[in-house]
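Trainee: Here is how the chains run, residue by residue.
2 protein chains.
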Amino acid sequence: MNIILFEKKELTDSRLILRDHRASHIVKVLKSNVGDILRVGEVDGDMGRGVVVTIKKKYPFIVELSVSLTPDDTPFASIDLLLALPRPIMLKRILSQVTALGVGHIYLINASRVEKSFWDAGIVNHMEYRPHLLQGLEQAVDTHLPGISIHRRFKAFVEDVLPEILCQYGSFVVAHPDSTNTLSRCLAGRRGRVLYGIGPEGGWGNFEIEKFKETGMTCFSTGPRILKVDTAVVAIHGRIEQLLEGRVEQLAECPL
Amino acid sequence: MNIILFEKKELTDSRLILRDHRASHIVKVLKSNVGDILRVGEVDGDMGRGVVVTIKKKYPFIVELSVSLTPDDTPFASIDLLLALPRPIMLKRILSQVTALGVGHIYLINASRVEKSFWDAGIVNHMEYRPHLLQGLEQAVDTHLPGISIHRRFKAFVEDVLPEILCQYGSFVVAHPDSTNTLSRCLAGRRGRVLYGIGPEGGWGNFEIEKFKETGMTCFSTGPRILKVDTAVVAIHGRIEQLLEGRVEQLAECPL
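If you're matching them up, the sequences are chains L and Y in order.
Read left to right, the first sequence gives residues 302 to 557 (our numbering).
Read left to right, the second sequence gives residues 302 to 557 (our numbering).
Any given hint might turn out to be false.
Just so you know, same-sequence chains aren't split out, so a pair can sit in one copy or run between any two.
Taking lysine-lysine and the DSS-like style, the derived pairs with C-alpha atoms no more than 30 Å apart in a straight line are [as the list claims (entries may be wrong)]: (1) Lys357 / Lys512; (2) Lys529 / Lys393; (3) Lys329 / Lys529; (4) Lys393 / Lys329; (5) Lys512 / Lys529; (6) Lys310 / Lys456; (7) Lys512 / Lys310; (8) Lys357 / Lys514; (9) Lys417 / Lys310; (10) Lys329 / Lys512; (11) Lys309 / Lys514.
Hints are computed from structural coordinates only; laboratory data are not their basis.
Chain L on its own, in the form it takes in the complex:
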């Protein structure tokens, strides 16, 4: 936990009183004392500092912070993720990992190789997945929760929703091992945000790939190695960030 996050409604007259795992973290891990300054942030709001005003170091822990926030200038994440619903335990890890890496929106969608039982898991409910997003923010020192939308019907998503949202992106790509295209060729010469799609274990079906292509999405492959979904999500996020960083460096070298 590299930042103490709180909800807007928890703050009263710039005072924040913590009694849960955050208080426990401040007492047991940070070993804070009265007067110490901690990094704090309002979920989907500004970041700032919290001065420890009172602290009860015996269980049940209570910490009171005096909070001052400064306007947030963190840039909005440049990458969104389109993900075939993975196994619940893997989804939890993916949600906190991509939130830590920085992602603006996660579309969780169906695919023919998604096991039906995954849709019955608690994790697709807002109350269950939200803590994993918060964990990612607490890790990365960020306050901006990624948006999550859940689309249980593949065809309805790809025909009705996807065409509407693609205008937000400069590049929209889908990982597909059969492709002969590379990620850098897909992104070459393009500006703007990137949407990347990762299929289920076993990959996207032919029908799914055809439907993606109909909307204008391009397929890419990172080579012959078959990766687990969680590894692919993180490694390809890294690849896209590297390419986006390269764009910025190129612009810096060649000012107009």
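Using the hints, position chain Y against chain L.
Mentor: Coordinates of chain Y only, in the frame set by chain L:
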């Protein structure tokens, strides 16, 4: 399991008899029958095909394969990892993930912020970590086990071992949030293999960074977000692969 791996000593007259989790996988997941052809590979050897000769589908499962191998032309991994020993449960996941992504050698080293208890965990023993490497190979369809070396004394490693091994690499870089250098600048204009270093939770100490710099290693940062070690290992592997792929594409575009 996308390839059935076996040890050289298990093969007799091109016949392989399986009675363990591999037999169980062939019966229960692949649901194979006599005559089916499976992808097989000898650990640190060639890949090929195994024809199911006999199969006992009731527990305890037994599968007999007739194996034919073809010379392996998989290129040797271009990336090695220098990793401060992480928490055992995280190390297991990292080992299988980087093996799946492709890594030639993993140096597990000490650092001031590595908890001493991590060195007492079973996972630093060959018999305990090897299955996690094999899992990575089985996932990625590869037979080449990464080398692992374990260095419990940071200073001895960085003074005596590191200078000897750096000649194998075209680039040797260490992730360090305070750096103002980017990964692409570190690798620009360089050829050859890449060694990348990832520190412990909380980062490398100042002494450690100074010692790395003395050997000629360069520091880079991927930005202000603080990542968990497992996320950083995979995302930065992805970034390096993207840069290496870019080199190949540049060469293809500008033949000599």
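Trainee: Give a verdict on every hint.
Mentor: Cross-check of the supplied hints:
1. Lys357 / Lys512: neither (58 Å within a copy, 42 Å between copies)
2. Lys529 / Lys393: For Lys529 and Lys393, both the intra-copy (15 Å) and inter-copy (15 Å) Cα distances are at most 30 Å.
3. Lys329 / Lys529: So Lys329 and Lys529 pass the 30 Å test across copies only (20 Å; inside, 36 Å).
4. Lys393 / Lys329: both (25 Å within a copy, 27 Å between copies)
5. Lys512 / Lys529: Within. Shortest intra-copy distance 23 Å satisfies the 30 Å Cα cut-off; inter-copy 36 Å does not.
6. Lys310 / Lys456: neither (39 Å within a copy, 50 Å between copies)
7. Lys512 / Lys310: neither (43 Å within a copy, 48 Å between copies)
8. Lys357 / Lys514: Classified as neither; 59 Å inside a copy, 44 Å across copies.
9. Lys417 / Lys310: neither (37 Å within a copy, 42 Å between copies)
10. Lys329 / Lys512: neither (52 Å within a copy, 32 Å between copies)
11. Lys309 / Lys514: neither (42 Å within a copy, 45 Å between copies)
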